[in-house]
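When you get a sec, could you build the whole thing from the sequences and use the hints?
Per the numbering used here, the very first residue in the sequence shown carries number 184; after that it's consecutive.
If you are wondering where the hints come from, they were derived from the structure by calculation, not from laboratory data. Computed from a prediction, not measured in an experiment: that's the story for all the values here. Watch out, some of these pointers could steer you wrong.
Pairs of lysine to any residue, SDA-like flavour, derived with a Cα cap of 20 Å [stated by the list, open to error]:
| hint | residue 1 | residue 2 |
| --- | --- | --- |
| 1 | Lys345 | Arg323 |
| 2 | Lys198 | Glu244 |
| 3 | Lys255 | Leu213 |
| 4 | Lys255 | Asp206 |
| 5 | Lys198 | Trp295 |
| 6 | Lys345 | Leu314 |
| 7 | Lys345 | Ala311 |
| 8 | Lys255 | Arg414 |
| 9 | Lys345 | Gln312 |
| 10 | Lys255 | Ser217 |
| 11 | Lys430 | Thr405 |
| 12 | Lys198 | Leu239 |
| 13 | Lys255 | Gln210 |
| 14 | Lys203 | His269 |
| 15 | Lys451 | Ser257 |
| 16 | Lys198 | Lys255 |
| 17 | Lys451 | Glu307 |
| 18 | Lys430 | Arg387 |
| 19 | Lys345 | Pro379 |
| 20 | Lys203 | Thr231 |
| 21 | Lys345 | Glu307 |
| 22 | Lys255 | Glu244 |
| 23 | Lys451 | Thr250 |
| 24 | Lys203 | Leu242 |
| 25 | Lys255 | Asn186 |
| 26 | Lys451 | Ala251 |
| 27 | Lys345 | Arg355 |
| 28 | Lys430 | Glu394 |
| 29 | Lys345 | Arg393 |
| 30 | Lys345 | Pro309 |
| 31 | Lys255 | Gly215 |
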Amino acid sequence: MMNISSFHTHTWLCKHASGKPEDYVAQAALDGCSALGISDHCPYPDPTWSGSRMELSQLPEYLNLVTAAQEKASFPLFWGFECEWHPAYESWYRDFLRAEMGAEYLVYGSHWVEENGEFWYIPEYPGAQRLIRYTEMTVRGIQSGLYDFIAHPDIFLAGYPKLTDTIRSACRDIIYAAVDANLPMEINGLGLTRTPLIGDSGPRAPYPVREFWEMAADAGATIICNSDAHRPEDVLTLAHGARAFAKEIGVSVQDPAEVLPFVRASDKTEIS
184 MMNISSFHTH TWLCKHASGK PEDYVAQAAL DGCSALGISD HCPYPDPTWS GSRMELSQLP
244 EYLNLVTAAQ EKASFPLFWG FECEWHPAYE SWYRDFLRAE MGAEYLVYGS HWVEENGEFW
304 YIPEYPGAQR LIRYTEMTVR GIQSGLYDFI AHPDIFLAGY PKLTDTIRSA CRDIIYAAVD
364 ANLPMEINGL GLTRTPLIGD SGPRAPYPVR EFWEMAADAG ATIICNSDAH RPEDVLTLAH
424 GARAFAKEIG VSVQDPAEVL PFVRASDKTE IS
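And the structure:
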């Protein structure tokens, strides 16, 4: 099996994953890794999304763990954060996480939609009006210029099994925003392991969704594959699964290590 890269990796600090960065590095070395990115859910200066990300007080520990893992890695190891989008946190992402903390990259994971000051997890709380707000919010996040790629841009389809014209329109809005922003889009390997649901043509994974990615390919999107590993044993296997999915549906993908600018601009060991 060929060496591959993945830039979507979590740790125990996010409260819904296991393992330290060095555990993922050790497994990746066994599996054949060309480059790896650790990108746990970022902390915030308030309790927002506190149940699924590290606490601000744990940020120094995260940095120490990543640094220790970099010393052990036999391949280029990068670190950053997976972040939501909300204008209230724009400076937090740009000025604190990137500039002050030195994050090498930020991943855009659009999971939530704001409604009356509350955040709702879109796959579990779908609805016509929420879809409109979610799409608008996701597009604004893409257009912010803060992120290096968008993770699982079709995750919202986990809440919308049947693709109506309205839902297809939402897909197009997100896809074309990413194309216009030259923002790579991720086929997410973790979604393929989720419990199937019944779509238009029978059972399908909640995400990735074939029709979405066919639309993305037709639009000329830059498409990459990542694992979204929440366990060390999944660090690269899920990325292989994402690549297999892309091959099965006839969608061409690129190695994230070859298209992500922060990797190409790095002075770390040359990627093999």
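Check: Tell me, which hint numbers fail for this structure?
Finding: 1, 14, 16, 17 and 20
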